[in-house]
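Number of protein chains: 2
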Amino acid sequence: MSTRSKIVYTLTDEAPALATYSLLPIVKAFAASADIAVETSDISLAGRILATFNDRLPAEQRIQDDLAQLAKLTLSPDANIIKLPNISASVPQLKAAIAELKSKGYDLPDLPEDPQTEEEKEVRARYAKILGSAVNPVLREGNSDRRAPAAVKAYARKHPHSMGKWSMASQSHADYMRGGDFFSSEQSFTMDKAGEVRIEFVGKDGKVEVKKTLKLEAGEVLDGMFMSARKLREFFEKTLQDCKETGVMWSLHVKATMMKVSHPIVFGHAVTVYYKDVFDKYGELFKELGVNPNNGISSVYEKIKSLPASQQEEILHDIHEVYSHRPEMAMVDSVKGITNLHIPSDVIVDASMPAMIRNSGQMWGKDGKQKDTKAVMPESTYARIYQEMINFCKTNGAFDPTTMGSVPNVGLMAQKAEEYGSHDKTFELQADGIVRVVLADGTVKLQHEVEAGDIWRACQTKDAPIRDWVKLAVTRARQSNTPAIFWLDPERAHDNELRKKVELYLQEYDLSGLDISIAGYNEAIRVSMERLIRGKDTISVTGNVLRDYLTDLFPIMELGTSAKMLSIVPLMAGGGMYETGAGGSAPKHVQQLVEENHLRWDSLGEFLALAVSLEETGIKTDNVKAKILGRTLDEATGKLLDNDKSPSRKTGQLDNRGSHFYLALYWAQALAAQTEDAELATQFAALAKTLTEQEKTIVAELNANQGHQVNIGGYYRPDQELVNKVMRPSSTFNAALDTLA
Amino acid sequence: MSTRSKIVYTLTDEAPALATYSLLPIVKAFAASADIAVETSDISLAGRILATFNDRLPAEQRIQDDLAQLAKLTLSPDANIIKLPNISASVPQLKAAIAELKSKGYDLPDLPEDPQTEEEKEVRARYAKILGSAVNPVLREGNSDRRAPAAVKAYARKHPHSMGKWSMASQSHADYMRGGDFFSSEQSFTMDKAGEVRIEFVGKDGKVEVKKTLKLEAGEVLDGMFMSARKLREFFEKTLQDCKETGVMWSLHVKATMMKVSHPIVFGHAVTVYYKDVFDKYGELFKELGVNPNNGISSVYEKIKSLPASQQEEILHDIHEVYSHRPEMAMVDSVKGITNLHIPSDVIVDASMPAMIRNSGQMWGKDGKQKDTKAVMPESTYARIYQEMINFCKTNGAFDPTTMGSVPNVGLMAQKAEEYGSHDKTFELQADGIVRVVLADGTVKLQHEVEAGDIWRACQTKDAPIRDWVKLAVTRARQSNTPAIFWLDPERAHDNELRKKVELYLQEYDLSGLDISIAGYNEAIRVSMERLIRGKDTISVTGNVLRDYLTDLFPIMELGTSAKMLSIVPLMAGGGMYETGAGGSAPKHVQQLVEENHLRWDSLGEFLALAVSLEETGIKTDNVKAKILGRTLDEATGKLLDNDKSPSRKTGQLDNRGSHFYLALYWAQALAAQTEDAELATQFAALAKTLTEQEKTIVAELNANQGHQVNIGGYYRPDQELVNKVMRPSSTFNAALDTLA
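Chains A and B, in that order, are what the protein sequence lines are.
Just so we're aligned: the first sequence equals residues 1 to 741 in the working numbering.
Just so we're aligned: the second sequence equals residues 1 to 741 in the working numbering.
Simulated from the structure, these hints should not be mistaken for lab results.
Even for Gly, the Cβ is constructed at its ideal location relative to N, Cα and C.
Misleading hints may appear alongside valid ones.
[Unchecked claim] The calculated lysine-lysine pairs, modelled on BS3-like cross-linking and capped at a C-alpha distance of 30 Å, are:
(1) A:238 - B:536
(2) A:369 - B:371
(3) A:471 - A:416
(4) B:244 - A:371
(5) B:165 - A:276
(6) A:500 - B:536
(7) B:238 - A:165
(8) A:371 - B:366
(9) B:158 - B:536
(10) A:212 - A:95
(11) A:536 - B:231
(12) B:500 - A:536
(13) B:244 - A:158
(14) A:303 - A:104
(15) B:238 - A:369
(16) A:536 - B:501
(17) A:244 - B:371
[Stated by the list, open to error] Every beta carbon over 12 Å from chain A, so not counted as near; a handful from chain B, in silico:
(18) 201
(19) 390
(20) 639
Just chain A, with the same shape it has in the complex (with noise of 0.2 Å):
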């Protein structure tokens, strides 16, 4: 059946991956009828190593590299992908699923802390390419278009969120750097025409060391940018002793997740800086044990395990020490004593930022009571909008719901835009000297002082992505009938570049009616604010980062959560990718599930995406079903939001599964009711009066075992068959849908 229409389905990790067990059969089973085929890719983390290792495992053990297929396919116009969250995971994790598979038999190499020889270095670098953000950067050969649809959105403003109060008088903020960070040293250009170019260290000796060496194409920018280390370390400490005085207590808000390389840095640098005292006294010692503060303070907890009781408990006492006279940190688990310089993945800035504000500007301290909050961000570039919308919440109060408008956003993306981790062209300098990025001629473009410690590092933007970027833009503006703004600050090196650009590519439409501007970050976020409490929508057009940062920040006010949103990736080649859940993998779900059998994962994500990528193949393909099918699962949607469906978080109530089940209710229902497609019709009436019939019945059996714990067979990569059971237990149900086969 080579004509027959292909939607990709994507396995990830944790929540959505175990939510995929209940919903899969149902999604496949609806499509059959439409002739349309849903398949599978496996692009999980464990996924990922098997497959990065396949030369090393034995023929029965090798697996498919599916994410190479799978970023293949996006530059076919046929391309349909659900894709769902994935881990972008930390050392910490990859080191935990590299353990798990070999617990589970496979054989690999463990991950090289400090790797020596070239086999090593080799295995190393194997690995790092699956640290971060390592799945979205080669499958998104297209940009960023994510807003709210009208369903979830109307849902918001009559069933309301909670939004904690905001009092005048908090003092709570977001603290940055003012100078030595990356924002105050960007520098960037635009290449004339395709060529390589040299990223050089030049040493005190006058030694040139080549770092790196990249191919551009003409058009494409260039920026390079580095933190100050000392810089960095004084602004710690300034915001401890800031913290001391006031009584406010002290956050730290990174991405070390994502910007793989320079985040873990900066985190770890907040490890030393916070327990100077400790480290100073263990520095020799923690060095021999191999403690890496970037893991976090965890390190020297896992490190220290292999001294003498008594010397541990020496330790301990000086780090327990240190809590006396530096301020109170924020917890991210205050009953199990976890700080959030525990280990680095905890507080992701993106997620905490607007759950602080969302919650009164306050996070948890030790004693678990709400507290204000300094939240601190080293690198100002986007920090500086997170301290906008708390002064504007603190003269405004909290935002209302159900009265906002909203902030969807186009974010350029595609062909790795601005890739903002730029692992691969991120340095940790080893001595003072000169970092400067030079033309095959020999021309300077680029060049910044930097000391031992610095993190330098480049980012690279294509000109086709822009020009689609700015195209969708408009694209946008036309079809909401919304202001669009560009966030360019005027201040950014960079942004300087790209507002050239923008300003020439607008000129190729009739923005005739269309309200488009251009305004720097702080004024972009406040116009937008503005609006939004008087009910008005704004389009935010921005770079990558901030496309990351505000489809959580604006969504989680709007609908509290960000995982609601629409989030389509308009391949450039033609195909679409349907983004799901942009709120995480959830890694608490997989624990509530694990102890009380009870997934609260929400896969109205996946609903949203499955019907826009349902409508899609049916225009592209004149699929009259695939149109009917896509527009009546906005319907059972809406349904199903209307008729609070949607999983509960607590243990014995509606969870996922049950939530599945309504889907499948009230697909069947549209689906039978609809006139249309009478085959359709009459296809689903069966099914319809089978699960309207069924209902109590099936919840019960969907509802009857939670409250214990379950067994899923691994974590990374739990056991197929189990997990099958635990998410499919209702045999009234899976008797019921295979009725339609």
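On the provided structure of chain A, position chain B as indicated by the hints.
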């Protein structure tokens, strides 16, 4: 000598009036050398009272109505007026002045508190015209041009005043009504053609009462707005609860002196809400006693003096009790226990808010310590700019006088434009009903539903002043090559009427190369502040109230005082008025003079104004000597600043009189040194020589009597002979000046 040029120097009140005794003889002596007569005009509070009641005084006590004469003069192209600051009298100040004059043998009527008879009403009406901002509106036949002179700005950059550090964790903020205030009810329209309008009150019974009839010109803008007493009181209560919860100090900021009808009522509501328990308990008694909360809680202290001691004690006890459950209130004088609600003239928003912002956002508590403060400014129209600045300081730290730019002002003010007291068009409503503004033909142009107690007011703005204001803005933008922003808020009906005119009148000018824009208040102040901290200047082109507020706010940040601003009123008829010392009339300075014979008043504003006045005279009458006098006076002023010969605040050091001596010395030296006019050089060479030689003697004579009490024979109308002796104690200096005659 009818062709002799004339400068009119105003005699006013308090410190500047006392300083005039010392400065004027110098000015007269120097000006005479260019054949310029310096005449005086008595517009002091006492002078105005006496002139107002000329018909009731015996012939020998009658004085000329100088203010009326001066008002006439402003309509002449020859007008050249040095206008010193005068008292904007509150009711208590007016009463004190009347009492003093009576004690001096003037048989004046008392101010009737609650006029009943026709005569009482007539007396009350006469006094009403003296209250508040009564002088400026009749003199200001031109718009306002205020800026920091280059020498002053340079001095501030070199010798920065102290600026309290701002903490990002500061709890201070400005709180204002969100609805129910003038801002939210403002309506506005422009007259097509000249005509009469009636302000009418329509009672619930349908009866129509004409409150006021106004004759409006073609193109004149009329606004109507009201403040809900009920919502105002709810707002006050909410702010008090909020402070109680957060521990932030409560502070009220109004302008009861200038807004002499509306703001005392607002102030009175604050008093009766804060002291609610006391007013609830003793309401009837207080009414009998004639307690008027609009005069502050001091009115209670004053009126209960007639009660038996035990009853007084009980009331005082109950007042004391209030403090135990109300939040801490900011103090005007913590030593003397004078709170913010003591009398309405103590905390004047345009002076108190910049002081608070300069002081780390803090005011003083009853223990004399600085504390974070909720600055309560009920009317939101302008309060929002203070909150914007507070947020800005929290985010960016205190302004830095050594690097910051400047925000000069071009203010709409001529012909009582936007007279923001609008005293004769402000009504406290006695019953529920409707207030409307009706054209002669019966068309209703504005209409508000009001309740008893609400404050309704109208505000007029003529067309010609707006046109002149636009012209002045363009002129200033061109002459100083500085961007100019018209502060016109899109959410204000009045501003939207003005915007139409501004956009129209701007078309009359060649704007090429100019950066002239229009922005709402928050945006305008934000843009100005962002530029300010980057060392850039931005002209604020504002309405009358913002003129008043901003010409304190920015100068106090930039220069530490608004008294050093150059304040020019280019009169529409062609003349010029040069205002000095926007910092008020400084009652505390008088107190120090009387107690310690040290006058710390800084006449810098007078020096700057005189220099421009002399230069203008020179240009208009082609008087070279006048031009030289002006130029050399500026030189002398610069030298005085550089040599730090401004008055010290400390008794025993150089004071106002000493600074005048140095001005004369430097001025004479500059005149002697100039080569443009030999006659002038010769004439002043002798004086320069004498003053240079006698410097030590003169300064010793000037400072000799400091540290002792002096008697000036009155506060509002001191004895001329006595003041003359006190202010001119150096016989050596006096004799030297006499040689010029």
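Hint check results:
1. A:238 - B:536: Holds, at roughly 29 Å.
2. A:369 - B:371: holds, 25 Å
3. A:471 - A:416: It holds: about 18 Å lies between the C-alpha atoms, which stays within 30 Å.
4. B:244 - A:371: Holds, because 18 Å separates the two Cα atoms, which is no more than 30 Å.
5. B:165 - A:276: holds, 27 Å
6. A:500 - B:536: holds, 25 Å
7. B:238 - A:165: holds, 15 Å
8. A:371 - B:366: Distance ~28 Å between residue 371 of chain A and residue 366 of chain B Cα, so the pair holds.
9. B:158 - B:536: holds, 17 Å
10. A:212 - A:95: holds, 28 Å
11. A:536 - B:231: Roughly 27 Å separates the two Cα atoms, so the pair holds.
12. B:500 - A:536: Roughly 25 Å between the alpha carbons, so the hint for residue 500 of chain B and residue 536 of chain A holds.
13. B:244 - A:158: It is violated: about 34 Å lies between the C-alpha atoms, which goes past 30 Å.
14. A:303 - A:104: holds, 25 Å
15. B:238 - A:369: holds, 25 Å
16. A:536 - B:501: Distance ~28 Å between residue 536 of chain A and residue 501 of chain B Cα, so the pair holds.
17. A:244 - B:371: holds, 18 Å
18. 201: At about 33 Å from chain A, residue 201 of chain B clears the 12 Å cut-off, so the statement holds.
19. 390: Per Cβ check, residue 390 of chain B is inside 12 Å of chain A; nearest 9 Å; violated.
20. 639: Label holds. Min Cβ-Cβ 38 Å, cutoff 12 Å.
Of the numbered hints given earlier, the model fails hints 13 and 19; all others are met.
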